[in-house]
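Peer 1: Each chain is listed here by its residues.
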Amino acid sequence: MRKVLTLGAVVVLGGFAATAAPASAADVTTTFAVEAGTLSIASAATTANLGKATTSLTGSAVTGTMPKVTVTDNRGSTLGWNSSVASTAFTATVGTTTHTIAASKAKTYILPANGPTLTSAALSAVPTTTAIDAATGLTLGAAQVFVTATTTASNSVDYTPTVQVTIDSNVVSATYSGTVSHTVV
Amino acid sequence: MGLFWIAILAVLGLVLGPAAAQTRPDTDRSGLGIRLLDAPTERRDDPRAQVYVVDHVQPGAKLSRRVEVVNRTGRAARVSLYPAAAELTAGSFQVLPGAAANELTGWMRVSPPTLDLASGASATATVSIAVPADAGGGERYAAVLAEVQGASDAPGITITNRVGVRVYLSVGGPKEPVSDFEISTLQAGRQADGRPVVTAQVRNTGARALDMSGALSLTQGPGGLSAGPFPAELGTTLAPGETSPVQVVLDAAIRGGPWLATLTLRSGQLERAAEATITFPDDAGQRAEPVAAKAVPLTQDPNVLIPLAGGLIGLILLVLLFLLYRRRRRDREEDAAAAQ
Numbered sequence: 001m002r003k004v005l006t007l008g009a010v011v012v013l014g015g016f017a018a019t020a021a022p023a024s025a026a027d028v029t030t031t032f033a034v035e036a037g038t039l040s041i042a043s044a045a046t047t048a049n050l051g052k053a054t055t056s057l058t059g060s061a062v063t064g065t066m067p068k069v070t071v072t073d074n075r076g077s078t079l080g081w082n083s084s085v086a087s088t089a090f091t092a093t094v095g096t097t098t099h100t101i102a103a104s105k106a107k108t109y110i111l112p113a114n115g116p117t118l119t120s121a122a123l124s125a126v127p128t129t130t131a132i133d134a135a136t137g138l139t140l141g142a143a144q145v146f147v148t149a150t151t152t153a154s155n156s157v158d159y160t161p162t163v164q165v166t167i168d169s170n171v172v173s174a175t176y177s178g179t180v181s182h183t184v185v
Numbered sequence: 186m187g188l189f190w191i192a193i194l195a196v197l198g199l200v201l202g203p204a205a206a207q208t209r210p211d212t213d214r215s216g217l218g219i220r221l222l223d224a225p226t227e228r229r230d231d232p233r234a235q236v237y238v239v240d241h242v243q244p245g246a247k248l249s250r251r252v253e254v255v256n257r258t259g260r261a262a263r264v265s266l267y268p269a270a271a272e273l274t275a276g277s278f279q280v281l282p283g284a285a286a287n288e289l290t291g292w293m294r295v296s297p298p299t300l301d302l303a304s305g306a307s308a309t310a311t312v313s314i315a316v317p318a319d320a321g322g323g324e325r326y327a328a329v330l331a332e333v334q335g336a337s338d339a340p341g342i343t344i345t346n347r348v349g350v351r352v353y354l355s356v357g358g359p360k361e362p363v364s365d366f367e368i369s370t371l372q373a374g375r376q377a378d379g380r381p382v383v384t385a386q387v388r389n390t391g392a393r394a395l396d397m398s399g400a401l402s403l404t405q406g407p408g409g410l411s412a413g414p415f416p417a418e419l420g421t422t423l424a425p426g427e428t429s430p431v432q433v434v435l436d437a438a439i440r441g442g443p444w445l446a447t448l449t450l451r452s453g454q455l456e457r458a459a460e461a462t463i464t465f466p467d468d469a470g471q472r473a474e475p476v477a478a479k480a481v482p483l484t485q486d487p488n489v490l491i492p493l494a495g496g497l498i499g500l501i502l503l504v505l506l507f508l509l510y511r512r513r514r515r516d517r518e519e520d521a522a523a524a525q
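Residue numbers (our numbering), protein chains in the order written: chain Z, 1 to 185; chain G, 186 to 525.
These are calculated hints, taken from the structure and not from any lab test.
For each residue, glycine too, the CB sits at the ideal point set by N, CA and C.
A hint or two may mislead.
To give an idea of the chain G side of the interface with chain Z (calculated C-beta under 10 Å), a few residues [unchecked claim]:
id: 1; residue: 213
id: 2; residue: 214
id: 3; residue: 215
id: 4; residue: 259
id: 5; residue: 280
id: 6; residue: 282
id: 7; residue: 333
id: 8; residue: 336
id: 9; residue: 345
id: 10; residue: 348
id: 11; residue: 351
id: 12; residue: 421
Think about it this way: if two alpha-carbon atoms lie no more than 20 Å apart in a straight line, the pair counts; the simulated SDA-like pairs of lysine to any residue are [what the hints assert, rightly or not]:
id: 13; chain 1: Z; residue 1: 105; chain 2: G; residue 2: 281
id: 14; chain 1: Z; residue 1: 68; chain 2: G; residue 2: 343
id: 15; chain 1: Z; residue 1: 52; chain 2: Z; residue 2: 102
id: 16; chain 1: Z; residue 1: 105; chain 2: G; residue 2: 343
id: 17; chain 1: Z; residue 1: 105; chain 2: Z; residue 2: 134
id: 18; chain 1: Z; residue 1: 105; chain 2: Z; residue 2: 55
id: 19; chain 1: Z; residue 1: 105; chain 2: Z; residue 2: 162
id: 20; chain 1: Z; residue 1: 68; chain 2: G; residue 2: 260
id: 21; chain 1: Z; residue 1: 52; chain 2: G; residue 2: 340
id: 22; chain 1: Z; residue 1: 105; chain 2: Z; residue 2: 169
id: 23; chain 1: G; residue 1: 247; chain 2: Z; residue 2: 32
id: 24; chain 1: Z; residue 1: 52; chain 2: G; residue 2: 343
id: 25; chain 1: G; residue 1: 360; chain 2: G; residue 2: 320
Turn these sequences into a full structure, and let the hints guide you.
Peer 2: In structure tokens, the structure reads:
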């Protein structure tokens, strides 16, 4: 009986020691190595051409697909990821004059046939986007969340965005350039 | 002795396992990758701290973390590394375009700022955060980004890819502000594709941002049926004080009701559960009225569990003491009886 009692006392001390530890560890800045894998983004190409539009009195638009974007999450965590998209203004230099189409004239969306598609994960939940056509497309300029992962394990996801630029009647005809950036966190 | 060697081999296996998994074939074209290499020891059990920089520090504190950048684009790349401001808007953690600045990015430095990586190569960079001594309290958000730019010589659109590690830095007194949230309502609905969905309104009642995950179970359904658990959709990041919906999409076979729905949500090590009786509408696109959710006792909260366990152990000790006392007394009585 005496032995059992001693064991009981040790368990109690152990229990209280464990509860006391976090309070005294408040100022500790030591770190440990994390074993999680990487979060990655890839594009099928580094440049894109939207095609040509003819300027007109009533305005027009040019629509084209962007290179396919692949997000691979090997972190194996219970946290998802989101990707956002932003664009600079589109500029063209003719002689010494620079003409500009504001980024807010561009919209981006993912047609249902173009994704988001889960390419490697044994899960059925597919990442979501609310921008699925020109009407629901995100207006570029400010960064906005484009695709949100809803799965909890490592996964790989593809999507091919479409960009539509509205050409107002006052736009000077030229070849315009800009930068579209995809950010995954 | 044999057991000892088996144990040693098991430990070696654990150490070698992840290292072997890191050697990927050259055909890996997952692009530009980033991962966090260290996390604070006191957050060892927090899943958020394993993939994000999540910390609470006092003004004047300095901290540094390492990140690894991997080039799997299939060609040599010049990678830029820099901090960018982030915001929590509409329930999402959102990185601002370009090298957007805020107070936190002003305290951050990434070294080196550029890395020239051959195809398949990886390198380590250090992120240092120096919080000024006069910094105000509160939580601030940013991301450590790695960027590869597309060739900008051709006319047309240049594609820039950025991948990052989120930073949630709280500044304040010696004690970290409390994190907490409540699930206020559950609403049953049916999506346009006919699949049933439960939408929970979740309010962040603490002082730090929360990244929601969790699952929903259905019990006491028609004919005593149970279903689930169904995973909650990720991607909801709640700012302090913000209320946002968290969705759970269920199996198409779930119909009617009433069901007792129990939703368990967590952010890091914090967990809360709530239940409500819900009935699914019959037609696609329909939504039932939201039902107020009742909080379910926190059986898995360490703040409840640890005192509870302590109390139980104390009780066992008391019983043991009592038994010993009784045994002693009986022994003494027996000795006394024998002596007579």
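Peer 1: Next, verify each hint and record whether it holds.
Peer 2: Structure-based check of each hint:
no.	hint	result
1	213	9 Å, holds
2	214	6 Å, holds
3	215	4 Å, holds
4	259	9 Å, holds
5	280	5 Å, holds
6	282	4 Å, holds
7	333	8 Å, holds
8	336	6 Å, holds
9	345	4 Å, holds
10	348	5 Å, holds
11	351	5 Å, holds
12	421	9 Å, holds
13	Z:105 with G:281	19 Å, holds
14	Z:68 with G:343	13 Å, holds
15	Z:52 with Z:102	17 Å, holds
16	Z:105 with G:343	17 Å, holds
17	Z:105 with Z:134	12 Å, holds
18	Z:105 with Z:55	15 Å, holds
19	Z:105 with Z:162	14 Å, holds
20	Z:68 with G:260	17 Å, holds
21	Z:52 with G:340	12 Å, holds
22	Z:105 with Z:169	13 Å, holds
23	G:247 with Z:32	17 Å, holds
24	Z:52 with G:343	17 Å, holds
25	G:360 with G:320	16 Å, holds
Violated hints for the displayed structure: none, as all numbered hints are satisfied.
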